[in-house]
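S.K.: Here is how the chains run, residue by residue.
Protein chains: 2
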Amino acid sequence: MSYNAWFQCINGCPGQFSLREVIYRCPSCGDLLEVQHDFDALRSRSGAAWMQLFDDRYRRNTYPYGSGVWGKKEWVVPFIDNENIVSTYEGNSNLLWADRYGKQLHVEDLWIKQCGNSHTGSFKDLGMTVLVSVVKQMMADGVPIDAVACASTGDTSAALGAYSVVQEITEERRIYLANSMNSLRIEGQKTVAIEIVQQFDWEVPDWVVIPGGNLGNVHAVGQGFLMMHELGLVQRLPRICVAQAERANPLYRSFQDGFKRFEPITAQPTLATAIQIGNPVSVKRAIRTLQRFNGVVEQASEQELADEAARADRTGMFNCPHTGVALAALRKLVDRKVIRSHERVVVVSTAHGLKFADQKAAYHLGALDGIRPAHRNQPVELPPEPRQVARAIARHVERARLLVS
Amino acid sequence: MSYNAWFQCINGCPGQFSLREVIYRCPSCGDLLEVQHDFDALRSRSGAAWMQLFDDRYRRNTYPYGSGVWGKKEWVVPFIDNENIVSTYEGNSNLLWADRYGKQLHVEDLWIKQCGNSHTGSFKDLGMTVLVSVVKQMMADGVPIDAVACASTGDTSAALGAYSVVQEITEERRIYLANSMNSLRIEGQKTVAIEIVQQFDWEVPDWVVIPGGNLGNVHAVGQGFLMMHELGLVQRLPRICVAQAERANPLYRSFQDGFKRFEPITAQPTLATAIQIGNPVSVKRAIRTLQRFNGVVEQASEQELADEAARADRTGMFNCPHTGVALAALRKLVDRKVIRSHERVVVVSTAHGLKFADQKAAYHLGALDGIRPAHRNQPVELPPEPRQVARAIARHVERARLLVS
Chain A
100 MSYNAWFQCI
110 NGCPGQFSLR
120 EVIYRCPSCG
130 DLLEVQHDFD
140 ALRSRSGAAW
150 MQLFDDRYRR
160 NTYPYGSGVW
170 GKKEWVVPFI
180 DNENIVSTYE
190 GNSNLLWADR
200 YGKQLHVEDL
210 WIKQCGNSHT
220 GSFKDLGMTV
230 LVSVVKQMMA
240 DGVPIDAVAC
250 ASTGDTSAAL
260 GAYSVVQEIT
270 EERRIYLANS
280 MNSLRIEGQK
290 TVAIEIVQQF
300 DWEVPDWVVI
310 PGGNLGNVHA
320 VGQGFLMMHE
330 LGLVQRLPRI
340 CVAQAERANP
350 LYRSFQDGFK
360 RFEPITAQPT
370 LATAIQIGNP
380 VSVKRAIRTL
390 QRFNGVVEQA
400 SEQELADEAA
410 RADRTGMFNC
420 PHTGVALAAL
430 RKLVDRKVIR
440 SHERVVVVST
450 AHGLKFADQK
460 AAYHLGALDG
470 IRPAHRNQPV
480 ELPPEPRQVA
490 RAIARHVERA
500 RLLVS
Chain B
100 MSYNAWFQCI
110 NGCPGQFSLR
120 EVIYRCPSCG
130 DLLEVQHDFD
140 ALRSRSGAAW
150 MQLFDDRYRR
160 NTYPYGSGVW
170 GKKEWVVPFI
180 DNENIVSTYE
190 GNSNLLWADR
200 YGKQLHVEDL
210 WIKQCGNSHT
220 GSFKDLGMTV
230 LVSVVKQMMA
240 DGVPIDAVAC
250 ASTGDTSAAL
260 GAYSVVQEIT
270 EERRIYLANS
280 MNSLRIEGQK
290 TVAIEIVQQF
300 DWEVPDWVVI
310 PGGNLGNVHA
320 VGQGFLMMHE
330 LGLVQRLPRI
340 CVAQAERANP
350 LYRSFQDGFK
360 RFEPITAQPT
370 LATAIQIGNP
380 VSVKRAIRTL
390 QRFNGVVEQA
400 SEQELADEAA
410 RADRTGMFNC
420 PHTGVALAAL
430 RKLVDRKVIR
440 SHERVVVVST
450 AHGLKFADQK
460 AAYHLGALDG
470 IRPAHRNQPV
480 ELPPEPRQVA
490 RAIARHVERA
500 RLLVS
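So the sequence lines, in the order shown, correspond to chains A and B.
Throughout the first sequence, residue numbering follows my numbering, covering 100 to 504 in sequence.
Throughout the second sequence, residue numbering follows my numbering, covering 100 to 504 in sequence.
Possibly wrong hints are sitting among the right ones.
[Unchecked claim] Residues from chain A that keep clear of chain B, each with C-beta distances beyond 12 Å, as calculated:
1) Gly-129
2) Gln-135
3) Leu-195
4) Arg-360
5) Gln-375
6) Val-395
7) His-495
[To be verified] Simulated restraints on C-beta separations:
8) A/His-328 / B/Arg-439: 50 to 58 Å
9) B/Asn-103 / A/Arg-142: 47 to 55 Å
10) A/Glu-329 / B/Asn-160: 23 to 31 Å
11) B/Tyr-123 / A/Ala-148: 53 to 61 Å
[Said to hold, decoys possible] Covered stretches of chain B (in silico footprint by chain A; criterion: 3 or more residues with CB under 8 Å from a CB of chain A, positions within the stretch not fixed):
12) 151-162
13) 186-193
14) 241-250
15) 360-366
Read the hints as simulated data drawn from the structure, not as lab findings.
Beta carbons are placed, not taken as given, at the ideal position from N, Cα and C, and that holds for glycine.
Make a model of the complete structure from these sequences and hints.
M.R.: Below you can see the structure in the form of structure tokens.
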């Protein structure tokens, strides 16, 4: 069976464009393009057969199928030659059971999808392996591309830096854009949804909570679930919550109004730097996703996101401030009983805490501007005297005993 | 079949001690203890059957066996109840084929075991999940332990922080020591060797290169290979290279002398902070391991380790300076033809580069004391003018074209 996929306009303008073409926007309306798959071809395999195939490949050693992205190759970019795939075995990150944290929150079936446990420390690896591999395929096919470029404050550039291949230098110069308007990345990012379900032995959770800035990620997760639903792997869809920083909350504002209108804002500085976006490029498709998934949008203040991240760290996590936004939003939804105690909830953690070690330290030192750290865990400085250290530990243990009893 | 393991003296003094006992050193000679397994019991299963069991569990969802450590539970700590295991699904980290870097080095079958792609960003997770789980089991069995403590500059403490459980506060205070003299951690760390072989579909590589400071890790890797050999999973052993920083090189010095004597030194400050150790606690068992594995010791200067890490980063890696030490040592061994071009080499990368982002930035800014960065990749500051940016990229592409042609 030959699978196929192509670009088409997200608004349904006519025209199909090859994924090998250097094209980012619809030539008719100027809006974004999205990757469309040939579902008739994909249906030649049953839902059960797809699950079996994905399970057989899961984390195995046959390149590139052990990768969480490329293990679903037919659903991502079917035409690419395996020798052109640039992979760091991305994906298949741990779905961590947040045992202790969930108990505190009274949501005991709480799971954190640890997308940051990866080569470059964020979920961006998932999309970038697809984009860079397609570029390598294009170059192999003779398309003249000199460089791959993106504008970013962090995670995206780090992921691109790791995946970019030595450029084949050609006569005509071309720079291929890797920013999130490029829909190839969505195809990699959507595998997070498939992985989550696969890691629950093909059960769909009740909720997925995900931080949102440029909003490509929520669309990607939605696409993953819809594709599984369409192809018979799952029979229902989860609800989705997008969590925004209060200082960069245009989607939250629009949600308050039933998505009747959307107005870009000027985002204010937030600790959750990667989602400090006032005019998200993927807003249209994100709203469609939320409408399809009976979704909600919640927000978190700087104080709330910082405190929530520290609370989570105290139970053994170590995630980025965007995950803090998601957890703070989760807490509000639980308090308001939008999310119920018996429901299975997955929080998508988008990056590793190591990317924000300085911010975490500043929180506990009380050095974050405008934040009064409610869950401060200050370092205790002691002279190198064993007896003094022992005494300090004893005091600490005594305090912990009082807290427990 | 009931499997069993216990502590015994590394020098063979009589006495077996329960792993549940709070004991770190041999009561007779004061030297270290090591975990010994009941090999007769383990032999009740054939080598082929062990491989099948480990493969069946590999990265699957049945807690805790999807963890790289606990998937080998019978070989690690067999007696522990699964409900007392504190796991973040550690291990099974990517064995990255260092395609581009290996070509530069003329060792094309070169692989990096990415132990830093993990919950706390270093290989220490592997040992700490074992230690903390044993402590939880001890507490469940009524042993009074108030706290788990370790002294460390970084990775070890981070891993402990994530795994430590809420303490059951009891009357008699006890603090359980988690430093590397505690041999329970070795049992987790040795699974790296098993994973590497498993990831090569049960083929043994020719070389394992590993950075060495306190030297528990080389001993652990050796133990993993020996156990596989003893139980019929593999028929041969790799050679092992321990890589030391020149400024903390007591094992290298001892190796020059055929290990006839070992003299502790005062370690000098090195960029490879985690191996800045002059008097390694595991030196005796590390030397035994190297003698058994036809091992070598190589060293790297500050200049060499910093340049080598930058070279590797340029090909898409992003590892710690200790990995830089290992790669620099590898280069020397290749140059001296100790390691041959056709051999399969695995470098154990002990931590994620994100833990050393500041150091990496300082290298490229030329701000590392005493280092002249030979592989500097300086940021280019430009005004926010599209034409100037385009021109700068064009210049860069032109330079790259000249380099390639």
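S.K.: Each hint needs a verdict: does it hold in this structure or not?
M.R.: Okay, the hints, checked on the actual structure:
Every CB of chain B is more than 12 Å from the CB of A/Gly-129 (nearest about 19 Å), matching its label as outside the interface. Taking the minimum C-beta to C-beta distance to chain B, about 31 Å, the non-interface status of A/Gln-135 holds against the 12 Å cut. Under the 12 Å C-beta cut-off, the non-interface status given to A/Leu-195 relative to chain B is violated; the minimum distance is some 6 Å. With 12 Å as the threshold on Cβ separation, the claim that A/Arg-360 sits away from chain B holds: the shortest Cβ distance comes to roughly 31 Å.
Every Cβ of chain B is farther than 12 Å from the Cβ of A/Gln-375; the closest lies at roughly 17 Å, confirming the non-interface assignment. At the 12 Å boundary, the C-beta of A/Val-395 stays outside the reach of chain B, the nearest C-beta of that chain being 28 Å off. Not every beta carbon of chain B lies more than 12 Å from that of A/His-495, the smallest distance being close to 8 Å; the non-interface claim is violated. Checking the proposed 50 to 58 Å range against A/His-328 and B/Arg-439 shows it holds: the Cβ atoms sit about 53 Å from each other.
Evaluation of the 47 to 55 Å hint for B/Asn-103 and A/Arg-142 yields a pass: the beta carbon distance comes to about 54 Å. Take A/Glu-329 and B/Asn-160: their Cβ atoms lie about 24 Å apart, and the range 23 to 31 Å holds. A hinted range of 53 to 61 Å for the beta carbons of B/Tyr-123 and A/Ala-148 is consistent with their spacing of about 54 Å. For the segment 151-162 of chain B, the stated coverage by chain A is satisfied: 4 residues place a CB nearer than 8 Å to a CB of that chain, which reaches the threshold of 3.
Only residues whose beta carbon comes within less than 8 Å of a beta carbon in chain A count, and the segment 186-193 of chain B has 4; three or more means the coverage holds. Residues of the segment 241-250 of chain B lying with their CB closer than 8 Å to a CB of chain A number 3, which satisfies the three-residue condition for coverage. Taking a C-beta to C-beta cut-off of 8 Å, the segment 360-366 of chain B contributes 0 residues in contact with chain A, too few for the three needed, and the coverage statement is violated.
Of the hints listed earlier, those the structure fails to meet are numbers 3, 7, 15, in rising order.
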